[in-house]
Amino acid sequence: MDLNFTPEETAFRDEVRAFLKDELPSEVADKVRAGRELTKADMERWHAILNARGWLAATWPKEHGGAGWNAVQRHIFEEECCLASAPRIVPFGLFMLGPVLIKFGSPEQQKAVLPRILDGSDWWCQGYSEPGAGSDLASLKTRAVRDGDHYVINGQKTWTTLGQHANKIFCLVRTSTEGKPQQGISFILVDLDTPGIEMRPIKLIEGGHEVNEVFFTDVRVPAENLVGEENQGWTIAKYLLTHERTNIAGVGFSVQAFEQLKSLAQQVRRGGKRLIDNPLFAARLAQIEIDLEAMKITNLRMLAEAQKNGAPGPESSILKIKGTVIRQALNDLSRRALGPAAAPFPSEDLEGNLAVAPADHARDAARYFNNRKISIFGGSNEIQKNILTKAMLEL
Amino acid sequence: MHFELTDDRRMLADTLNRFLTDTYGIEHRNKVAYEAPFHDPAKWAELAELGPLFALVPEEQGGFGGAGFDIATVFEPLGRALCPEPVLPALMAARLLAAAGEDLEPLLSGATRYAVALGETDAPYALEDIATEAAPAGEGWELTGRKSVVYGGNAAGKFLVAARAGDVIGVYEVDAEDAAVTGYGMIDGGGAAEVFLEKTKARQVLADAGAALQDALDFGALALCAEAVGAMDVTYDMTLDYLKTRKQFGRAIGSFQALQHRMVEMKTEIEQARSITILAASRMGTEEQSRTVSMAKNLIGRAAKLVAEEAIQMHGGIAMTWEYPASHYAKRLVMIDHQLGDTDHHLEKVMAGLQVA
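Chains A and B supply the protein sequences, listed in that same order.
Numbered continuously in our numbering, the first sequence closes out at residue 401.
Numbered continuously in our numbering, the second sequence closes out at residue 1190.
Chain B extracted, bound-state conformation (with noise of 0.2 Å):
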């Protein structure tokens, strides 16, 4: 037994964080992340010449990862950055259409930029609560239905939505320029948008996802964990640093026992969270992997929130203000659990599985 990463991930996951810690610090990263289009178009092209998007998928597929490790090994980094650009959807993506055989070098390059378009209001993380209709029409589909905050769907050009014909859900294909939608930004950076789709034309890529989607969304799930991974760790170093150098009463306020037996708790968490994501990402593709995934995503939702709470609660009001990173990073830490099934959606997975067996 080790815990090491791969040499090959290991570089992948140095020069991502060089990248990132060289070209998207956090002054650049709110500059872009909460004014349209949400990310930085000219960096966007830049990481993916990096290659990371290639090692979300496996090699028959045309890239040079894909298992459970290299999505940890790629998303880490962006979450210690706080990095807003749509690597998430382009993930989805790729699954999805991997899962229908078809080509994904535009994906892959960067070139195309894909938005996964699932939630519904009353439908925001259950699959089978879906209502968008998908009709066939001539040669092709046409679906209506309103999608809900689609990540990254402010600045795609092609969307998948899932949508149903009959008992069936599926996935479709349609361009942006063929649906109404309206993008607008985050409370924690990045973007997002409202598709409105009525009558509109489609192309069918699966007739019955129900799996592929499902793997699409352990994937994303996954793929939060180690965001939020990243994005913990680096709000503990800050949330230690102030504490070490802040002083109040002639001290630092480190030498506080109240507050360092709650430094404790934080970090105890966080070593959960980054045990629990790595026993998820072993799981990938195995029969375990919905359930894990879900063992992680409540996790994760728990001890995100525990460390943005208490990460500004020590800093207390410094943290508290758009220029301090902090604030950022909880905002951040908290709202990812609102993607992609909350604590509470993960946690009636994992209790649904108590009865198996």
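So here's chain A without its partners, still in its complex pose (with noise of 0.2 Å):
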């Protein structure tokens, strides 16, 4: 037992610390510290930083211009990223379509949309939910019916995030009704451009827009943009869901706000006395650093153990369970501490002359609200559990 990286993990560490020192633009980092949102610009800019370094497609083999890094490189860069308040990677195109495509996509497919996803030519975004079809996935209604050389789609999918920055969706439909749900899906590749496509912005709870509902109507597809066989789409998608794992538990996001919690928890003062002095603030801010210190070890015992077997098993929903639990722990305390400062709807106003939440705080609230989605997407965490209760209980 070694909880050391090795001494090539430690330099590949101060090689990624480097290029985040020197790269990373202040004022981006600036605004993801402060929890403002990010113009499509600012995401387009980070990523091609990264893309000329080569570091854009982390999880990609080389011969597809990856940076072919093995799970604990592919941890020590997230986490750095996060140390560093880099913007998060957009991960439609790079996370998710990019290895269904390598694993499950014909050559020509590979060659006519990998290279676009790492030069910012395409934004991808995802059509996987709809309004009927969100924990029970495999009940989605968005026909896809085959007409000579096309597929014509009909149909609603709902929280398309970054939908609004899109010029292609990858999405999941129905191409068959027969057998069990989950039987008669594909998963084909879509031109936000084709006629019948529209997209609506859905407002967040705390009035931001990230998320859209997408319409289509009568939209006629290619049949060549179908990834992998007709009905093969769940399997695509599980596929896509193990790949996601890797990053799950948010370590990175859960150590920064920590930090961010601990310096904020010294500069608000309460009865002539900083507030980390308080002992009950005190005890749930120490109370939170050791469920995290222990979700670290947790996070790399699993990493390790994936490495091994090559995909991590159905442990990983814990991760994504404890993960998410405590990030929103953090929020939920940073918002605390501000006390009535918290309050206000974040405008530039309460950031500037007028601000009454210190620095980089005066959307501590409106993280708060918006980060309880992290406990509701991608499979929530009532789903982690059934699907660790199925594996515990052999059912």
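These are calculated hints, taken from the structure and not from any lab test.
Glycine included, C-beta positions come from ideal geometry on N, C-alpha and C.
Incorrect hints may have been included.
[To be verified] Have a look at the derived ranges for each label pair, beta carbon to beta carbon:
no. : chain 1 : residue 1 : chain 2 : residue 2 : range
1   : A       : Glu295    : B       : Thr1101   : 24 to 32 Å
2   : A       : Gln293    : B       : His1094   : 48 to 56 Å
3   : B       : Asp847    : A       : Gln170    : 18 to 26 Å
4   : A       : Ala292    : B       : Glu892    : 47 to 55 Å
5   : A       : Leu89     : B       : Gly1118   : 49 to 57 Å
6   : A       : Gln170    : B       : His861    : 43 to 51 Å
7   : B       : Ala1044   : A       : Glu265    : 38 to 46 Å
Dock chain to chain to rebuild the complex, using the hints, since each chain is given by itself in its own frame.
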């Protein structure tokens, strides 16, 4: 047992650190730290910087232009990025569609799509959930009917994250109603410029716009846009779900949030003392630190396991559940630490001269409300518990 | 022993509930609560005409209520409707003006809107930490300091400001036009303001206001508890309804035991919250007033957060949207803990009481 990184891993971490110090634009990092909304240009700028270094597609093999990193390297990179307040890499093209095409796509699809993800020509979004198919994704109803060289798509997708910036969408569609619902699903690529597609914004609880609804009315998509075989979509979706799981615990986000919270508790004053000197508050903070320290090791243990076995097992659901609970607890405590100063609706005024909350914390309540989503999306914590239950009780 | 409201109070609650249901639906509420002036002045006038403000003070001060249960009767319907009208500042101002024996008519009729400016950046909850200073100036007084997150301050005509003259904290009245007031909206709707005072002209209302301020804080916190109970009831009903109607995996999600038990926990905490609010209401005006209110505000803080978070989680994505009313209830329920003392602040007060006797 050795909890230390190997010398190679340490060297890699230092390399990542140095890169972030030199290359991460400070005005973008400032926005991330304060929880302000990033523009499309901010995200594209960061992607381009990473791509220039060959670090954008961490999970792709080198022959496709990826970094070819192993799980530990990816973990180190993700954690360092969080600590430096780098923007999250928009995952839909890079961590979702890319790996799917590398595994299931035709050589033509790989050639046509992958380079355009890397160089930013295309922005992909995801069409999975539907109003009637959330946790029960397999019940999705959006139909794709074969008509000569095309599929004709009708239906509605929802929770399409950052779809407002996208020009392409990958979708799960129903191509058959025979057998179990899982057996009639296909994975298809759609150009958002195709006639018959309408995207509408969904305003979220805290007022932000990051998700959308997408409506499909007689949308004709070339049949060659199908990925894999017809009715193989569920297998692809499940593959993607396992692939997504390396950063599922969000430990980097939590470490960063913890550091910010500790510093906040040193700035905020109550009763002539720093908030961190208040025993009740300090107890809450210490409790989270304990859970987080354990989480780091749980995460690394599962990472090592995944490295050995090729893919994470159902235990990775533990990471999703506990990881989101810890992140949400941190958001909760930041909000509380501010007292009444957390309550104003965030605006640029309130971050400038009129600041009510300490710098970088005017949006803590908004972040708390927005991050209630993390225990819902990507398979809610209830669904994760079902997955674990099935494995533990061998149901 | 019985837990029925008197006929008068039940009539008042019915009247308020009917008015709010008929004219202050969630769509209207969301339209006015998030845009300046962050409430509806026309509806405020209508509301005032119904008389709920008179229910906040006793007969000898020109009202027809003023007991703990009157406060709860008024604020529970306001919570059910997520009403952003500045009734809470009116209640607290009424307590302070009554303590000074002043004429309450302009306040109770709704003609003059008051905001009570207590909290400061480094003194959000505790009175003893207040730093704003009052100094005599000619016949009157001048105030210097900054009052932060003053609820209702964005639309107030007058401020009652807590300020210290030496070691003594008093209450001073400031006209809105004499102070530098910057209003803004709140994340859960409604408005507040930063109030900057720089040798600002003031009138002394109470020279030594320690007891009166604590009383106003107690009544304010009780009102927030009742408001939370109203909002929790609606959130619970909404969630229960969703569990019965939302189908996944071919059946209503309410048929899953994992959710059923959590619904029961939610219900249990709401009933506990209702009980502690009733207890606090019953102890207003007694020696146990402050400590019981602190108990209530602490429990409410915990219960309201649980209800808000569980309602969102059990709904799933839909309750994360602005369009779905549960999200607004969840925001209000969580943010009530940021007003007039949070769970920890009130826990400390209850802890301090353990040392006595």
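Indices of hints not satisfied (ascending): 2, 3 and 6
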